[in-house]
Amino acid sequence: METIVQNIQTVPLNNYIILSSVLFVIGVLGVMIRRNAIIVFMSIELMLNAVNLLLAAFSAFRGDPAGQIFVFFIMAVAAAEVAVGLAIIVMIFRNTRSIDINFLNRLKG
Amino acid sequence: MTGIIIISLIAIVILFLGLYKLDKAIVPLAVAALLAAITSYALAWNTNIYYFNNMLFVDNFAILFSILTIATTILILLLSPGYFEKISSNVAEYVALILFSLVGVLCMVSYNNFSMLFIGIEIMSISMYIMAGIRKKDLASNEAALKYFLMGSFATGFLLFGIALVYGFTGSFNLETISTLVMESGGQAAALFVAGILFMIVGMSFKVSAAPFHFWAPDVYDGAPSLVTSYMSSVVKTASFAAFIRMFIVAFAGVIHIFTPTLWALAAITIIVGNVIALYQDTFKRMLAYSSISHAGYMLIAILALGPDSGNAIFYYAVAYSIASVSAFAILIKVKALKNSESFDAFNGLAKNNPKSALALTISMCSLAGIPLTAGFFGKFFIFTIAINQGFYWLVGLAILNAVVAFWYYFRVIIAMYMKSPSSDEKIEYGFSYKLVLWIAAIATLLFGLLPGILSGLL
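First to last, the sequence lines map onto chains Z and R. Count along the first sequence starting at 1, add 21, and that's the number in this note's numbering. Take the second sequence: its position 237, counting from 1, is numbered 229 in this note's numbering, and each next residue is one higher.
Watch out, some of these pointers could steer you wrong.
Sample of chain Z residues at the chain R side, in silico, Cβ under 8 Å [as the list claims (entries may be wrong)]:
1. 45
2. 52
3. 63
4. 69
5. 72
6. 87
7. 94
8. 102
9. 112
Please keep in mind that the hints were generated in silico from the structure rather than gathered at the bench. Ideal placement from N, C-alpha and C gives every residue a C-beta, glycine not left out.
Looking at chain Z on its own, in the form it has when it is part of the complex (with noise of 0.2 Å):
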């Protein structure tokens, strides 16, 4: 455990934080951008990773555990919404035989 704390601060701080804005950036624009709901999953996916390694940073260089658990909260939270986000999609797969949120304009005013 001690070397990988280690290893972490082999790298400066800023780089992680300007890594995991990027990744976050990206997730965002993929939101915002692909209209296949399986892409647009994805990318909420990396927005949590994105999370998930800044977290892991911070806490490595803070030496303060409690940013690591917050991880692990997030994983098992997002494994939860995959099952949930799935299946909706598969519901909305059967109905409409499509899974483009374009396709999803019914609701509108």
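Once you have looked at the hints, place chain R on chain Z.
Frame of chain Z; chain R shown alone:
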């Protein structure tokens, strides 16, 4: 805390009741468990106990909002007999999901640690994603579920990124530790910290459907089954606001002056967008969705004008709004079942055949509009008072102007009920529990409108 345990256990028991086909016992058992939970919260008044290594803090603020959300859930469950049966035979799952989501709500209103906030929001939201899509063959319900799910997780991403940045600056998820650090820094804050709080504000604005992050709300509220919508627009919204304001009261009170312009703009845009678009709606349900956005704007004013009375003002507003909203949706469900339409025309001449339902809906519309003698008036009054005391004259002026505009769309349905002639002579049939809910809602709205002192001095 006992309340959380009771509700979780009873939700599991209800799943078993469904397995053994004891459908008649589900709602009574759930209501009894919720009453027990309310009692356990009421007994904890003024005790201020920490749970789970300071992750939950059940103070009076948490107790008031817990009791409010549980009581609203009781009203909604009392409306449910006969409703879920039409959708599918698996009634037990739906009631259990509502109770599970209520557990998340209880975590959200009493959190003292950002991990608990996150867990609470997710427990609540994941159950609601399923509930929004329980009409599996109905495309509107499907669309609502997918939009709610995608936008909900998107918002969670923002909230988490904000939490991570705040953690990077302070080294803690605990609200009180963060608050101490903020106080020591004397109102100064690093860019990282400010960015973190901004991300959290964006995430929470999605959750409370504040403009410009509101676009998912009308579609979701419109597409989801009406009973689920009433839960989303009352309990979920109340809990999100309680969590939002708790974040600022406990942790970020020292740096809120940095975010005054942001919150000011959010509140102003939300009020204007909600009210103006609500004017152009043809269906009652969609009008209620936009009106719920405008109410989010009014409640944002209380967060903006943060002070010792803010928690109380938001509580009063949430009480008035939840009760009125539940009773409006209750009537909508019955009118929809009778006329198979949610448009304003479906309410034509309701007063002639069903004078009592028309009266109940009139009271709830008056409360939503903020007419004196109803609870909604004092809700707005308390919020505007604290905002004026802090010098937000322009924003209060704007809000009052918009409250006047809102009369138009709330009175549209009242005019339809009393002035227009009905298309048929059919009467709406109510069961006992349905009548009970409408009576409780009407009496509570008038009572809190005549005697605001009952609730206003609690916090």
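Results for each hint:
1. Against a cut-off of 8 Å between C-beta atoms, the interface hint on residue 45/Z holds, since the closest Cβ of chain R lies about 6 Å away.
2. Annotation: interface hint on residue 52/Z holds; nearest CB of chain R at approximately 6 Å, less than 8 Å.
3. Hint status for residue 63/Z relative to chain R: violated, with the closest Cβ pair at about 11 Å, above 8 Å.
4. Because the closest C-beta pair between residue 69/Z and chain R is about 6 Å apart, less than 8 Å, the hint holds.
5. The interface hint given for residue 72/Z holds, since its Cβ lies 4 Å from the closest Cβ of chain R, which is under the 8 Å cut-off.
6. At a threshold of 8 Å, the smallest CB-CB gap from residue 87/Z to chain R is about 6 Å, leaving the interface hint in force.
7. At its closest, the beta carbon of residue 94/Z sits 6 Å from a beta carbon of chain R; the interface hint therefore holds under the 8 Å criterion.
8. Because the beta carbon of residue 102/Z sits about 6 Å from the nearest beta carbon in chain R, less than 8 Å, this interface hint is met.
9. Satisfaction of the interface hint for residue 112/Z is found here, the shortest Cβ-Cβ separation to chain R being roughly 6 Å, below the 8 Å cut-off.
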